[in-house]
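Protein chains: 2
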Amino acid sequence: MNQVNFRPATRQDLPDIVRMLADDELGSQREKCEDPLPEPYTIAFEQINRNADHRLIVAELDGKVIGTLHLIFLPSISYQGGLRAQVESVRVDKQYQNLGIGSEMMKWTIARAKEDGARMVQLTTHKTRQDAHRFYERLGFQGSHLGMKLNLK
Amino acid sequence: MNQVNFRPATRQDLPDIVRMLADDELGSQREKCEDPLPEPYTIAFEQINRNADHRLIVAELDGKVIGTLHLIFLPSISYQGGLRAQVESVRVDKQYQNLGIGSEMMKWTIARAKEDGARMVQLTTHKTRQDAHRFYERLGFQGSHLGMKLNLK
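Each protein sequence line maps, in turn, to chains A and B. The end of the first sequence is residue 153 by our numbering, with every number in the run present. The end of the second sequence is residue 153 by our numbering, with every number in the run present.
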């Protein structure tokens, strides 16, 4: 396999990102993958893009976008003022799964978190994504917390 | 009980905040509650304080700081570009627990999240904090996710 390349997402990557977010059991209920994309996606992209704490990333293989993740740096009082790195919305294109790309994406992310002085990397995954739990455990993550959500809309 | 007042934390509140963070089983292992406070706490406070997405809040009763929480707004591509409100580091002073103050703090937080257009409120709590799980469930939160952390230091 050729090398996976990581770069900040551009406005032009947004349809690919939304397509990957929508392309699983949970995501298909949450997203609207239409052409043109609903405007809230573009507004959110612009907010993320101009925020120095946020990095919306795409992974490319042979010039094709095959993965995405959203890395956020969060200053925090707890853990002795320790910077947190949080990862949201990790997806690998279904056609490119089980090739180790997710693992490369997370190793890249952990390296960036270390570089920027983060005290920890944190994420949540839906309880039903048991493959994901094992995947993150193999990378050293511990499932120490319960992730709780309150929908407002 | 008199009314609980909420306001943004100031530099002068930091010792009270760290004291509350340190004053439980898990927190006592993480924090260094010394006088003067270790510098990383102050650095983190300044970073949070100048960041428009972050609100470090204290709850006051009769002019005394008795609670704290850290509310963060996170733009997101997922959930159709839905804004997330995340809550970290929620604490009520031990002497003021079981008086409904935590509940008032969270209701205040949920109201602020709605006001600012958030799609959801999200938080994680350590698996051992079972009282906290029930507390958040009573407020409408669902423990749908596994919260995973990777320590880097």
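Don't take each hint at face value.
[What the hints assert, rightly or not] If the Cβ cut is set under 10 Å, some of the chain A residues that face chain B in the computed set are:
1. LEU61
2. LYS64
3. ILE77
4. MET148
[Stated by the list, open to error] Chain B side only, calculated, beta carbon under 10 Å to chain A, not exhaustive:
5. ILE110
6. GLN122
7. THR128
Since the hints were made in silico from the structure, they are not lab data. Every value quoted in this text rests on a predicted model; they were computed, and no experiment measured them. The C-beta atom is built at its ideal place from N, Cα and C for all residues, glycine as well.
TODO: Starting from the hint list further up, note which numbers the structure goes against and sort them upward.
DONE: 1 and 2
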